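There are 4 protein chains.
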Amino acid sequence: MFRSDNITGAHPKVIEAIVAANAGTAPAYASDELTKRVEKKVADLFECDCAVALVTTGSAANAIALSLLTPPYGGVLCHEHSHVYTDECGGPELFTGGAKLLPVGGAHAKLDPAELEKSIAVSSLRGVHNVKPSAISITNVSELGAVYRRDEVERIAELARAKAMNLFMDGARLANAAAAGNYSLADITWRAGVHAVSFGATKNGAIAAEAIVVFDKSRAEELAYRRKRAGQLWSKHRFLAAQFDAYVSDDLWLSNARNANRMARRLADGLANVPGVRLDHPVDANEVFATLPEKALTGLSGEGIGLMRRDGPGTQLVRLVTAFNTTEAEVDHLIARVRVHAGP
Amino acid sequence: MFRSDNITGAHPKVIEAIVAANAGTAPAYASDELTKRVEKKVADLFECDCAVALVTTGSAANAIALSLLTPPYGGVLCHEHSHVYTDECGGPELFTGGAKLLPVGGAHAKLDPAELEKSIAVSSLRGVHNVKPSAISITNVSELGAVYRRDEVERIAELARAKAMNLFMDGARLANAAAAGNYSLADITWRAGVHAVSFGATKNGAIAAEAIVVFDKSRAEELAYRRKRAGQLWSKHRFLAAQFDAYVSDDLWLSNARNANRMARRLADGLANVPGVRLDHPVDANEVFATLPEKALTGLSGEGIGLMRRDGPGTQLVRLVTAFNTTEAEVDHLIARVRVHAGP
Amino acid sequence: MFRSDNITGAHPKVIEAIVAANAGTAPAYASDELTKRVEKKVADLFECDCAVALVTTGSAANAIALSLLTPPYGGVLCHEHSHVYTDECGGPELFTGGAKLLPVGGAHAKLDPAELEKSIAVSSLRGVHNVKPSAISITNVSELGAVYRRDEVERIAELARAKAMNLFMDGARLANAAAAGNYSLADITWRAGVHAVSFGATKNGAIAAEAIVVFDKSRAEELAYRRKRAGQLWSKHRFLAAQFDAYVSDDLWLSNARNANRMARRLADGLANVPGVRLDHPVDANEVFATLPEKALTGLSGEGIGLMRRDGPGTQLVRLVTAFNTTEAEVDHLIARVRVHAGP
Amino acid sequence: MFRSDNITGAHPKVIEAIVAANAGTAPAYASDELTKRVEKKVADLFECDCAVALVTTGSAANAIALSLLTPPYGGVLCHEHSHVYTDECGGPELFTGGAKLLPVGGAHAKLDPAELEKSIAVSSLRGVHNVKPSAISITNVSELGAVYRRDEVERIAELARAKAMNLFMDGARLANAAAAGNYSLADITWRAGVHAVSFGATKNGAIAAEAIVVFDKSRAEELAYRRKRAGQLWSKHRFLAAQFDAYVSDDLWLSNARNANRMARRLADGLANVPGVRLDHPVDANEVFATLPEKALTGLSGEGIGLMRRDGPGTQLVRLVTAFNTTEAEVDHLIARVRVHAGP
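Chains as they are written, first to last, in the numbering used here: chain A, 67 to 410; chain B, 67 to 410; chain C, 67 to 410; chain D, 67 to 410.
Quick caveat, the hints were computed from the structure, so don't treat them as lab data. Quantities reported herein were computed from a predicted structural model and do not represent experimental measurements. Some hints could be false.
Any copy, or any two copies together, can satisfy a pair, since identical chains are not distinguished.
To be verified - Quick list of in silico lysine-lysine cross-link-like pairs, BS3-like style, CA-CA up to 27 Å:
#1 229 to 107
#2 184 to 361
#3 283 to 229
All chains, full assembly: derive it from the sequences and hints.
Below, the structure written as structure tokens:
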């Protein structure tokens, strides 16, 4: 509990959709009617005529999307703590054919525009000796729980435009970001200057389903080839589509995200009142980063509550993630136990 | 119906397993108990201590497995009609880092040992100017419905051994091959000299689940890294494990395959008696390749039975695939309709 | 002697140019004046404003050029005996990021347009399951000594255009092809519909120098990045430029090629009159393919004349290549010795 | 002048060797006698039975060598200012098949062992989610002119060994490093724990020639395949071998390096005495890094002495490189001009 949002199961409506999709036969490899309908639904949700491809994991979604946005001799500027840089085992390098991810700093795992601009300049000082800065990747919600506001995205997009670069948004928790800022998905992505996004469902209630959304529809064929080549085209694709069907129907994605965000808020507020506990990053969405006393961590662990020490053994910064199905009782219980173990 | 075995849904037991797996929380990324148990079960089914990794698609399973068996400067000898050569959009080239698939002939999409030996010799005549022949890939059941007998696998394995090459078996329909020959999975794979296999579940009753099995256990770490990097490591891995749990329990994989094979036999026998219909390849497992009169194809299409013309528009060779849930009534109906439309 | 045109040294004028280029200092990495002048000269020779990049080997030139003409999920149709398919150790796969080379037949290692058209159709029957046919590669002079006439190139170019594919010409012996048909380099390349060419100098008098010529000048930046990334950008680039300077000055490329072609003609005519010797392919340029009696091969070998058995030990088809500096005396001597050893 | 050591021409002995190598015919593709002799000479110079392959550029040498030392899912720890990280346009990523270069800090572009150890730990905290730390790359002479002493190399090698990683040395200026420390090439490489090295000749007197030396001889075949596939196997290889023949004969490599180092010392000593000039890094070999007043830079530029501003326009840190043929007069002239322009 609280270690991540992917330790949860799936939302009941997703399970129901899977069960329902099992009836009868259906054409394979994404040529079935359900898939077409769902791809259209996702595009409608983004309020545009865009290219949509469903895949299994966020790593695949990110890496395939990036491969459309950078040539293999390109550089992708990203945060030094970003998932694409640190947690995908070189998947972006594999799928882009060897593009280089260039780490940039910034508070709360959000790219600092000034640092970004400087990094682009420095990393391209020597022309063909450097990789060509071709894309910028931002994660929304960031890896330290912060949300990019629309104007922040726009500022980075302007920079991208000025340098003729593409802008990618890793949206493993895009629903939470949209819910947090009360943004439409269109506003926080293409209307703010984003060229492609991965729109995550897995962490927010699906089993294993992510959408790659590329806003330039003319790239649809390339996207389809790249998905297939990556081994990401399900033969019984209806089962992938069904998950997304449930996810984007009746605003499930949004209500799920809202619950997660609300629970994180509650958790943060509770922890903030525990002496010895420090909140280290803004709690914009469904993640809480807090530094706990070692005795609290040890104590919690002793009663089976193993929190995730973000920076490895011996460190006290923990990441607490709430999910679509986290309850107030669970949150309050954790706060109470922290209070007990952190106490004098 | 009959276009492929991936137009079917999943077996009810697989769906039940998915539903059951949804309870509670579970550690992510394949570190949950169910996954460990299922990996062990798969290894036990192969009667050996081997490395097992579950992935989503057959293309991913094949490409990742091949990447363990050939260096990037290597050549992979495979049948000119093999799935890895013609139907995976260059996935093997991507995941191996650029290894070259070298097409070889042979009846019924099975490698002819003599042609294979000659191809290896010819393709390595010029040393470093050629890619280094490093692996052989065979598909069992073959892409034209034929099953490699154990002695046939052994003969190719001997060749591989003599040339210090690895032997891979694309087992998208391995269950059907084992059922056909009444072989244990161990007998038809590692005991016959195979180094790695993809063991398919999707076509035979799962939603989206394939196992990569590498018989040299010391390669387990590499396999794990390669799966992650390929974007194939599910975060909610229990849902992938659950499918396989159902699949390998109570011999579901085997009974499913047996039904499919029996139905193919029945279909073949029925069609053989229709004047004007010619069976073109052995019906060893769950695929029937038949040449039908054009008027039959047109007539069937007219009543909504669109068969798959294997070689494109205007050709009469059709591929008919039976599945775990194909019924005698469905088979008999098809035979009857073919008879009507093929008649004078 | 006669085993290949790359067993020769360099033309004296090339050596002189190297020696002359050694004076003083010069900006590194292709930014020196000589390089700019030579790139312009090469473009002028092709009578167009095109992108030119010099590299060290024909394999690098071909692979880098192809990487501009196909996406990584693309297919490159080429002759089954083409150098890019059989003799570059997977270099094209490496530099294109995994594109697939699809072998096509045709007499004398020239693509047969009808077979080519069929191959494109068959290899793209299944949409994203296949690689996307993206480029066609032809070698002029072909690997069996035949020259594509301009109208033959145009016919293939039309096919490429109709399928929205790119056309590449491997011109390791382009000078010989141009000399053979009395074509200008422009006529046999871009005017006939070729998009990029490797223009070889090494075999025809240089030390190690090949030019990649891409006729769409807007690709110049990409070409520059790809050359650098490939480890093909010389720091002391003037020494590469100097070779090409000599090569394209005073029609050295053409007079060298003419000598080689004339000597091949003389050799072919002489061998044709030797009983027991069969010429197997047209002698269009500077290569002669002949089948000799085993006793002749053995006899020649005994006196130190080891001819290259094209298809490996025990085969009698030999490849004889003449060069820019082959003399009549050398040719006549070989003919005489063949006559002696082939005799009764 | 002084912008780099690759703006020089080649040493006369190298030119002479090229001219001499032009006599007669020779087997192609590194199978000639001269090549074999030279490979042996290089191995002897390193006092071991190792695998040697000659290539054209330092970028190719580094990238190919690294591809033998890391799997594609591996991480290569290197200095954030290292050539492999910043100046090879992603070549290492291309040739390794997508391995990730992980930047580490340290004074004077030398890896700080403590930072290195920490980086390895942090970058592998999350198992398969991270790339696997597989190799360490150090540059000797470093990119800021510092030389790793033997004990410093040993310390890093110990770390590598403890983590089961490989150690690579980018030796574009290895001759200068050896000369500086009075080390034998063996002492500063394999005896100190290095697994592979690129041994540069281009900057130190050759035209375009670098040796990849892999100390585990059993990797020779792989090295040969990787060189060919990279488009780095010269057909007229004798001209590459000839350069190295001159380079390693009569200690030319060493006397050249000694001159360059001596001139750098002289330059540094001279500049140190110019008011307003600051030496920023140790002058261990043949590079001087100095900060000059802007007026000095402008003044020098005005008289045609354009120094290389290392960090781009508007910055005052310049890199001054001396070469095998730099003279005392040239050095003294530069010092004098700097003094004039830096003056009040």
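Evaluation of the provided hints:
{"no.": "1", "hint": "229 to 107", "in the structure": "neither (33 Å within a copy, 33 Å between copies)"}
{"no.": "2", "hint": "184 to 361", "in the structure": "between (42 Å within a copy, 25 Å between copies)"}
{"no.": "3", "hint": "283 to 229", "in the structure": "both (22 Å within a copy, 21 Å between copies)"}
Checked against the numbered hints above, the structure breaks only hint 1 and satisfies the rest.
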